Amino acid sequence: MNASSGPPAIFDARRRAARLARSERLFAGADFLHDRAAENAVHSLDVILRDFPDAVDLSAHPGPFARQLAESVAATRVGNVLSVGDPAARTAPGAQPLPLADQSQDLIVSLMSLHWANDLPGALTQIRRALKPDGLFLGTLLGAGTLKELRGALTQAELEVSGGAQARVSPFADGFDGAALLQRAGFALPVSDVDRVVVRYPDLLALVRDLRAMGETNVLTGHVRPLTRKIVTRTAELYAERHAEADGRIPATFEIIHLAGWAPHESQQKPLARGSAKMRLADALGVQEQTGEG
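For the sequence shown, the working numbering gives the first residue as 26, with consecutive numbering after it.
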């Protein structure tokens with residue numbers, strides 16, 4: 026490997042941009058995961074009693090965060106949230122330098138986009154560099170447990186029908202790596218939580234329609250063999266045989282990894298020594314923990 030070579034291209038940026046553009050007119054009918062991610066991000070801002078005058082939203086679909094923020098108590102503390110005009114910043118995180126000056130932002134949000142990064146540590150490093158000292162990053166990405174039912178049924182169906190299976194569901198990050206990824210990118214006080222959501226669908230086609238509306242269908246690089254009707258039919262059969270519930274509906278698992286990290290600053294609390302108690306989320310966010318005790 027020569028010095029100029031970068032990380033392998035797992036995702037096709039042009040294919041991703043096309044999928045995202047196609048989803049725009051359909052997204053309002055399948056925005057529930059993005060709304061959930063935005064609600065969590067805004068809740069974090071609600072309990073942080075400080076101002077964020079300069080803020081940027083790098084989300085693939087910036088609408089949910091803007092909507093949730095407008096209805097929150099944090100709205101008065103967050104300045105006008107800009108959405109970066111460069112589409113590459115939203116469709117292929119980390120592929121090109123962020124169009125943001127170093128140390129220029131108090132808050133950067135990236136919801137449901139970073140799982141499409143070919144170089145996730147690199148994309149996070151760019152975000153950290155764009156934050157002012159003690160600036161905050163809030164992000165979410167899909168984790169490794171996402172669509173595990175579909176992945177298993179589709180792989181088995183292709184093996185049975187074609188004698189070989191092609192990767193069609195994206196490789197997602199492991200939720201347990203979230204805090205380590207932030208630390209590797211230079212963030213202080215990294216926090217990572219995993220939210221597992223199970224959505225029940227009447228059938229496989231209903232699930233696929235939602236994935237298309239979200240812009241979350243296959244954009245893996247290289248030639249992708251079209252799925253034949255026989256493979257799709259067998260996938261639906263296997264999915265139902267393995268996972269269908271009593272009413273015939275099928276579950277689809279989505280794993281949302283929530284990330285929070287601060288650009289380093291000398292005023293921040295120092296992490297505890299290795300082997301001692303883990304830092305509480307309340308400490309990392311700089312808020313008072315509510316215990317419910319009188």
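Quick caveat, the hints were computed from the structure, so don't treat them as lab data.
Computed from a predicted structure; not experimentally measured.
One or more hints might be untrue.
Dumping the calculated EDC-like pairs for lysine to aspartate or glutamate here, alpha-carbon to alpha-carbon at most 20 Å [unchecked claim]:
id, residue 1, residue 2
1, Lys255, Glu270
2, Lys173, Asp220
3, Lys255, Asp199
4, Lys173, Glu280
5, Lys173, Asp202
6, Lys157, Glu291
7, Lys173, Asp131
8, Lys255, Glu291
9, Lys173, Glu270
10, Lys157, Glu183
11, Lys255, Glu183
12, Lys173, Asp76
13, Lys157, Asp228
14, Lys157, Asp131
15, Lys173, Asp235
16, Lys173, Glu185
17, Lys173, Asp159
Computed beta-carbon distance windows for the label pairs [unchecked claim]:
id, residue 1, residue 2, range
18, Leu230, Pro33, 31 to 39 Å
19, Asp199, Val257, 39 to 47 Å
20, Gly273, Gly177, 13 to 21 Å
21, His248, Asp220, 32 to 40 Å
22, Arg234, Ser292, 42 to 50 Å
23, Gln294, Pro122, 28 to 36 Å
Where a beta carbon is used, it is the ideal one built from N, C-alpha and C, also for glycine.
Against the structure, the hints:
Pair hint Lys255 plus Glu270 does not hold up; C-alpha atoms about 24 Å apart against a cutoff of 20 Å. For the suggested pair Lys173 and Asp220, the alpha carbons sit about 15 Å apart, so the restraint of at most 20 Å is met. The suggested pairing of Lys255 with Asp199 is violated, with an alpha-carbon distance near 32 Å, which exceeds 20 Å. As the CA atoms of Lys173 and Glu280 are separated by approximately 10 Å, the hinted pair is consistent with the 20 Å bound.
Distance check on the hinted pair: Lys173 and Asp202 sit about 18 Å apart at the alpha-carbon level, within 20 Å; holds. A C-alpha spacing of about 13 Å is found between Lys157 and Glu291, which places the hinted pair at or below 20 Å, so the restraint holds. Only pairs whose Cα atoms come within 20 Å are accepted, and Lys173 paired with Asp131 is rejected, the gap being roughly 37 Å. At roughly 61 Å between alpha-carbon atoms, Lys255 and Glu291 are farther apart than 20 Å, so this suggested pair is violated.
Under the criterion of a C-alpha separation no larger than 20 Å, the hint pairing Lys173 with Glu270 is consistent with the structure, at around 16 Å. This hinted pair does not check out: Lys157 and Glu183 have alpha carbons roughly 49 Å apart, beyond 20 Å. Taking the CA atoms of Lys255 and Glu183, the gap is near 9 Å; set against the 20 Å cutoff, the hint holds. The suggested pairing of Lys173 with Asp76 is violated, with an alpha-carbon distance near 40 Å, which exceeds 20 Å.
A hinted pair counts as satisfied when its Cα atoms are at most 20 Å apart, and Lys157 with Asp228 does not qualify at roughly 47 Å. Only pairs whose Cα atoms come within 20 Å are accepted, and Lys157 paired with Asp131 is accepted, the gap being roughly 6 Å. Between Lys173 and Asp235 the alpha-carbon distance is near 16 Å, which keeps this suggested pair within the 20 Å criterion. Note on Lys173 and Glu185: the hinted pairing holds, with a Cα-Cα distance of about 19 Å set against a maximum of 20 Å.
Among the hinted pairs, Lys173 with Asp159 is inconsistent with the structure: their alpha-carbon atoms are about 37 Å apart, more than 20 Å. For the pair Leu230 and Pro33, the supplied restraint of 31 to 39 Å holds, since their beta-carbon distance comes to about 32 Å. In this structure the hint that Asp199 and Val257 lie 39 to 47 Å apart at CB is violated, the actual value being about 29 Å. The beta-carbon spacing between Gly273 and Gly177, approximately 19 Å, falls within the hinted interval of 13 to 21 Å.
Range check, His248 to Asp220: about 35 Å between beta-carbon atoms, so the 32 to 40 Å window is met. Roughly 49 Å separates the CB atoms of Arg234 and Ser292, a value that falls within the hinted 42 to 50 Å. Under the hint 28 to 36 Å, the C-beta atoms of Gln294 and Pro122, about 31 Å apart, fit the expected range.
The structure fails to meet hints 1, 3, 7, 8, 10, 12, 13, 17 and 19 from the earlier list, while all remaining hints are met.
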